Structure formats: C-alpha cells, structure tokens
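Protein sequences appear in the order of chains A and B.
Sequence positions in the first sequence follow our numbering and run 1050 to 1402.
Sequence positions in the second sequence follow our numbering and run 64 to 247.
Please keep in mind that the hints were generated in silico from the structure rather than gathered at the bench.
What you are looking at is a predicted structure, and each value in this text was computed from that prediction instead of being measured.
Errors might be hidden in some of the hints.
[As the list claims (entries may be wrong)] Simulated pairs of lysine to aspartate or glutamate, DMTMM-like, Cα-Cα distance not exceeding 20 Å:
1. LYS99(B) <-> GLU1087(A)
2. LYS104(B) <-> ASP1096(A)
3. LYS171(B) <-> ASP196(B)
4. LYS92(B) <-> ASP1096(A)
5. LYS1235(A) <-> ASP1245(A)
6. LYS105(B) <-> ASP1096(A)
7. LYS166(B) <-> ASP130(B)
8. LYS218(B) <-> ASP130(B)
9. LYS1380(A) <-> GLU83(B)
10. LYS235(B) <-> GLU163(B)
11. LYS212(B) <-> GLU177(B)
12. LYS227(B) <-> GLU163(B)
13. LYS166(B) <-> GLU132(B)
14. LYS195(B) <-> GLU131(B)
15. LYS166(B) <-> GLU228(B)
16. LYS171(B) <-> GLU131(B)
17. LYS105(B) <-> GLU1087(A)
18. LYS99(B) <-> ASP1096(A)
19. LYS235(B) <-> ASP220(B)
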Amino acid sequence: MHSSLLVVDWFFLLEKLIMIIAIVSVSLVIAMYETYFERKIAAYLQDRRGPNRAGPFGLLQPLADGLKLFMKEEIIPNTPNKFLFILGPCLAMLTAMMTSAVIPWGGTIDVFGRPVSLQIADINIGILFIFGVVSMGVYGIMIGGWASNNKFSLLAALRGASQVISYELPMGLSLIALLFITGSLKMSAIVGGQLDQLYNITYQPLGFLIFFICALAECNRTPFDLPEAENELNFGYHQEYSSMKLGFYLFAEYINMFISSVVMATLFFGGYDIPFVNDAALGQSIGANWLAVLEAISLIGKVAIFIFTFMWIRWTIPRFRYDQLMNLGWKGLIPLSLINMLITAAVVLWLKK
Amino acid sequence: MQSLTSRAKQVDRSPMTVVERLYLWNIFKGMWITLKHFFRKKPTIHYPEEKRPFSPVFRGLHILNRDEEGRERCTACGLCAVACPAEAITMEAAERVSGEENKYREEKYAARYEINMLRCIFCGLCEEACPKDAIYLSETFAPANYQRKGFIYGKDDLLIPHPKENPEEYQKAVGSRAKAPANA
Ligand code: SF4
Ligand code: SF4
Chain A
1050 MHSSLLVVDW FFLLEKLIMI IAIVSVSLVI AMYETYFERK IAAYLQDRRG PNRAGPFGLL
1110 QPLADGLKLF MKEEIIPNTP NKFLFILGPC LAMLTAMMTS AVIPWGGTID VFGRPVSLQI
1170 ADINIGILFI FGVVSMGVYG IMIGGWASNN KFSLLAALRG ASQVISYELP MGLSLIALLF
1230 ITGSLKMSAI VGGQLDQLYN ITYQPLGFLI FFICALAECN RTPFDLPEAE NELNFGYHQE
1290 YSSMKLGFYL FAEYINMFIS SVVMATLFFG GYDIPFVNDA ALGQSIGANW LAVLEAISLI
1350 GKVAIFIFTF MWIRWTIPRF RYDQLMNLGW KGLIPLSLIN MLITAAVVLW LKK
Chain B
64 MQSLTSRAKQ VDRSPMTVVE RLYLWNIFKG MWITLKHFFR KKPTIHYPEE KRPFSPVFRG
124 LHILNRDEEG RERCTACGLC AVACPAEAIT MEAAERVSGE ENKYREEKYA ARYEINMLRC
184 IFCGLCEEAC PKDAIYLSET FAPANYQRKG FIYGKDDLLI PHPKENPEEY QKAVGSRAKA
244 PANA
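Kindly generate the complete structure, drawing on both the sequences and the hints.
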C-alpha cells in the first residue's frame, strides 16, 4: 500500500468523501425529523397529539412540510443586495453543517483491512474550529437581515447578532475550564480521555450548565429566541424570506441544535462512549466494527436526550426580555464562568503539585 | 382597605429571594409541570375515526318523515316556514291527483320543499310547529360543501328512506329516538 502515494491518497479521498456525504445526509435527516419531534413534543407537553395524519403517526409530515416550502412562491424583495439576500440563508446552512467535520462519531472501524476513524477531520484545534465556525453563523443572521431592506429585519438581525456574540463569551470561558482538565483541543483526545472514565460533567457541572445555557442562546432557542420571536416580533431577521430560503434558515437552526447537542455530548458526556459498559472489553468480544456501530448509537442516544431537553425547555419557559437577556449574559454568566475557570485552574494546579 | 369581595389578593411586591433570582429552580419546577403533562392522557378525539356521541336532544339536519306505508306526511301547510325564525324554509304546494294516494298522505303535498342549511339555526321550531309530524331534526349535522348552493337541501336530501322499500336505511335514518308512529 505504501508503494505508491497516489493510491493511498485516493483511498483517503474516497473515505473522507463518503464520510462527508454520510454525515451531511444524516444531519439533514435528523434536522428534518427534529421538526417533526418538535411539533410532537410541543403537542404532548400541551395535552395535544400533534401531527398524525401524514403517514403512520404523521411520520411523513416533514416531507409534506418540505414540499410545501418548495412549492411556495419565491419572493425577493426590492433590494439592491440580491446576492447577499441569497447568500444569507446559504451561509446559515453552511456554518451549521461545517461544525460536524471535527466531531468523532464513533471509534475506529475496519474496512477491508484499513482502519477508518469515524471522524472527518481530527485536527488538533478541534474546539477552536467549532468556535470559529459558530461565530461565523452571525454573518448568516446579519447578512440576511441587512439584505432584506427592511428596518424590522435589520433591527432583529442586530438583536440576534448581539445576542449570539455576547453568549459566545461565557461559552468560550466555560470551555477553557474544561480544557484545563482535558489538556487538549483535539476532539478525539477529549473523548478518549472520557472513555471508560468518569465523564467531564462530573468535574465541570457548572461549566456544563453555562455551556448549555449558552448553547440555547447560540441556537436561538427559547428562552433566548429573541432574534425570531415569531409571535410578537414578527419573525425577526427572516421576515422577508419566503419559500425554501426561509426553509434554509429554519433548517439551519435545527441542524445547529443537533450539532450543539453533539458537541455537548462529546465534551461533557463522553461522546461515543457507551455508558456503564467497558468499551474496550466489549470491543474485544464483538469486534471493532460492531463496537463502532454501538458507539454511534450511544452518541445519537445522548444527542436525542439533549434535543428533547432543548424542546422541553422551549415549550416550558417564556422568552426573556432583551435587557434581561443581556443582563444574564454579561452580568451573570460571564462572571460565573470566570469564577469557574479560576477555581478549576487552582484545583488543577494544586493537584499537579 | 376593605376589600369588596373575598377574592381580592394582595400583590406580593417583596424583593425576590436568592432562590428566585437564580431562576434555575423555578425553571426546574416549570419543567416538572410540563413533564407531567407529557404523560397525561390526551383529551383529543380523533374526529373522522372517533365521533362524540350526541346528546339525545341534539338538533341536527332535518328529515321529512313518511308514515308507516311510506307516504309523505307533509301537507305543505307552511306552518313550519312561518314558525322558522331564520326564514330558512321555502316550499311549493301541489294537489294530489288520483293514483298518487300511495305517495302522498294528504290531498295537498309539497312539490318542492327546501331548507337553506346556511340560514337555519337548528332551533327546532319547525319540528314543533308541524301539525302532521312531518319534519323533525335528526342526529347528524350538515357536512361541509364546496359551494353554497350545496347547502340548500331539497326534498331528495331531506326525505327519509322508504320504510317498506328500504327498511334498513329507514331504520338508520330514524335513529335511536324514533317517535312512536303517530296516528294523527
Ligand atoms: S330548525 Fe329552526 S331555523 Fe331551522 S328550519 Fe327549523 S325553524 Fe327554521
Ligand atoms: S313540514 Fe309540517 S308544517 Fe311544514 S309544511 Fe309540511 S306539514 Fe306543514
């Protein structure tokens, strides 16, 4: 295999291509069904039944919704920035999808004698990459709101952008405390440190709480869904969008929710580690490939719990007022995460001594 | 201040306690409540598959009655139309000619009898006004229609199936609260 570099490269390309296609389509399908479960869970929390007409248990509802969005008239407002107007939703979608590149979806599998790791790119700055991409998500909001040529959209975009930016700070700070413990920015190393060990949540409960709240804010989920606020601020920055461009924005949000659940599961809940089971021993008995499948299922299970919690919170809590939101972010979460960081640093130093 | 009713409540304006200001605890309480609702039995009735039973005095679509031999009871006296507060009933009378005795019970009958279901308020006054027990309100309601004119029910929509020629349909239309066969 090492006789020719070219051959190895082709294998590598093919492997990564397949991984990318698989992960993108899985995220899309999951985002699609998130809309279904959002409606179902909302209904059940409100003593209703939710969509149950399209297909068995209404399972075809997302398809019907998608079809509806496709069939709607595409309206581009009279704006000088037609290109930006289209770029906005594309950017939102792009940034939502890109984060999945550095997430380890499972251990290493064995394809025809070649070890293939279930991760698109195991770069050594994994977390920084995620942060970089997430902060690009602001551009989707800003550009969309700006190009709409509508004052309300612009205001909503400003609101959304300032929210996302101010919640990125405590998010990063809470992660720094986590990085003190793991000692690596590499996603695979972070998961590897948790395999068959105590999960990071046990060392960083406060950090997790802060991260979770910030994740809610980053995904524009209630109680932080001021950027859209569909019922009183008439839909915020995507007010002028129609048809599939609106669909892209909404879809990007659901993908974001999925990805941030995955990130939380990876950073704080052991990633693809199967809880209460010794993964290594299990791998010995059933083989690496089956182990990887089980691990991926366990990761998806953890993610499902997070997504359920996201939705559960959405249908329980009313949204914050804007000043409350800013107060919580700047006066509540940032000092709290700083304290958390300092304490963690002190403890880490003290234990090392 | 003396309160006017016993239901007056003092508004609590004391500053929030630490637990309240943390907000988190109250969020958990709220989430616990919604979680309980999640597992609660849903009161929804799946309409086309499941139907709510109507009360025995429900006033639904009208039915024009026939007597035991299947003759139409209505004599086109117009009392129902007069009684109708919504002016939903119109009719045209015709005289029975010989040979039609098996079709119409009285010498005068309604050649055309229409009820506009969009006007009707289902008060049942027509049923009460009728001296011949010819009209009564059944247990169904008017189904949806694409056109307004579909809601103007003519005689073919209103007449009960023939009790001799079509006894099953007749029984179904009579339903659970058939009047004892009138001998008036
Ligand atoms: S039910 Fe009342 S409103 Fe309807 S036709 Fe009879 S009298 Fe008129
Ligand atoms: S339905 Fe009764 S009240 Fe009305 S016209 Fe016929 S007989 Fe007279």
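To see whether the hints hold, each was checked on the structure:
1. At most 20 Å may separate the alpha-carbon atoms for a hinted pair to count; LYS99(B) and GLU1087(A) meet this at roughly 17 Å.
2. Restraint check for LYS104(B) and ASP1096(A): satisfied, since their Cα atoms lie roughly 7 Å apart, inside the 20 Å limit.
3. At most 20 Å may separate the alpha-carbon atoms for a hinted pair to count; LYS171(B) and ASP196(B) meet this at roughly 15 Å.
4. Only pairs whose Cα atoms come within 20 Å are accepted, and LYS92(B) paired with ASP1096(A) is accepted, the gap being roughly 18 Å.
5. Distance hint between LYS1235(A) and ASP1245(A) is fulfilled; the C-alpha atoms sit about 18 Å from each other, no more than 20 Å.
6. For the given pair, LYS105(B) sits about 5 Å from ASP1096(A) by alpha-carbon distance, which is consistent with the 20 Å threshold.
7. The suggested pairing of LYS166(B) with ASP130(B) holds, with an alpha-carbon distance near 10 Å, which does not exceed 20 Å.
8. Proposed proximity of LYS218(B) and ASP130(B) is supported: the alpha carbons are some 16 Å apart, at most 20 Å.
9. For the proposed pair LYS1380(A) and GLU83(B), the alpha carbon gap of about 17 Å is at most 20 Å, so the pair holds.
10. Distance check on the hinted pair: LYS235(B) and GLU163(B) sit about 26 Å apart at the alpha-carbon level, beyond 20 Å; violated.
11. For the given pair, LYS212(B) sits about 11 Å from GLU177(B) by alpha-carbon distance, which is consistent with the 20 Å threshold.
12. Note on LYS227(B) and GLU163(B): the hinted pairing holds, with a Cα-Cα distance of about 17 Å set against a maximum of 20 Å.
13. Straight-line distance between C-alpha atoms of LYS166(B) and GLU132(B) comes to about 9 Å, which keeps the hinted pair within the 20 Å bound.
14. Restraint check: the Cα-Cα separation between LYS195(B) and GLU131(B) comes to about 13 Å, which is no more than 20 Å; the hinted pair holds.
15. At most 20 Å may separate the alpha-carbon atoms for a hinted pair to count; LYS166(B) and GLU228(B) meet this at roughly 13 Å.
16. Distance check on the hinted pair: LYS171(B) and GLU131(B) sit about 19 Å apart at the alpha-carbon level, within 20 Å; holds.
17. For the given pair, LYS105(B) sits about 17 Å from GLU1087(A) by alpha-carbon distance, which is consistent with the 20 Å threshold.
18. About 10 Å separates the Cα atoms of LYS99(B) and ASP1096(A), which keeps this hinted pair within 20 Å; it holds.
19. At roughly 15 Å between alpha-carbon atoms, LYS235(B) and ASP220(B) fall within 20 Å of each other, so this suggested pair holds.
Against the hints set out earlier in the document, a violation occurs for number 10 only.
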